[in-house]
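> In terms of this note's numbering, the sequence shown is residues 350 to 508.
There could be a bad hint or two in this list.
[Said to hold, decoys possible] Each pair of labels, with its calculated beta carbon distance range: (1) Ser436 / His473: 17 to 23 Å; (2) Pro387 / Tyr437: 19 to 25 Å; (3) Ser370 / Arg398: 31 to 37 Å.
Hints in this document: simulated from the structure, not taken from any laboratory.
Ideal Cβ positions, reconstructed from N, Cα and C, are used throughout, including at glycine.
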Amino acid sequence: MRALLLSAPILALATQASALSCLPPDAVTSYQRADQAPETYVVLLGDFRFDPPELPERDLTDPNPEEHRFPAQFEGQALGPEGFTGSYALDMEVTLTCAGPWCAGVPTGGAGLAFVEMTDTGYHLRLGPCGGQYFSAPEPAVTDRIAACHAGDAGCAAE
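Sequences are here, hints too, so could you generate the full structure?
In structure tokens, the structure reads:
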């Protein structure tokens, strides 16, 4: 019993010192996750314009920081059976989420690839502290691999 009681303060200190551990975001893994999700996602490639509000300075001691929402606009192509095609312009809502004190940052605008949820109320881009829903200026090889995955390429695998 005494050993268990003595270890409790050590466990409390270890929990406070732990950090968020994220794997590097991979666009193909994100595609596979969106493809298997029960929600409906659209994969967008083109120009993103983000209109974030002035965000408050984060309180790193707050274990449950609030989410921040703001509008964004998109112009470009969507992933379909023939790859990234079409010409689309749409509005969406961006949500910056947190995991404890670690929060997503505001993405840079411009050329990007995004996995955007399509709901009854519109398009929503949820960004978390580990990334994976938005990729700034993706290389053509990355978007080609996603198009190949969408077409059913048996060799589709994340890096």
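> Next step is simple, just say for each hint if it's right about the structure.
Hints, one by one, checked against the model:
no. : hint                        : verdict
1   : Ser436 / His473: 17 to 23 Å : holds, 22 Å
2   : Pro387 / Tyr437: 19 to 25 Å : holds, 24 Å
3   : Ser370 / Arg398: 31 to 37 Å : holds, 32 Å
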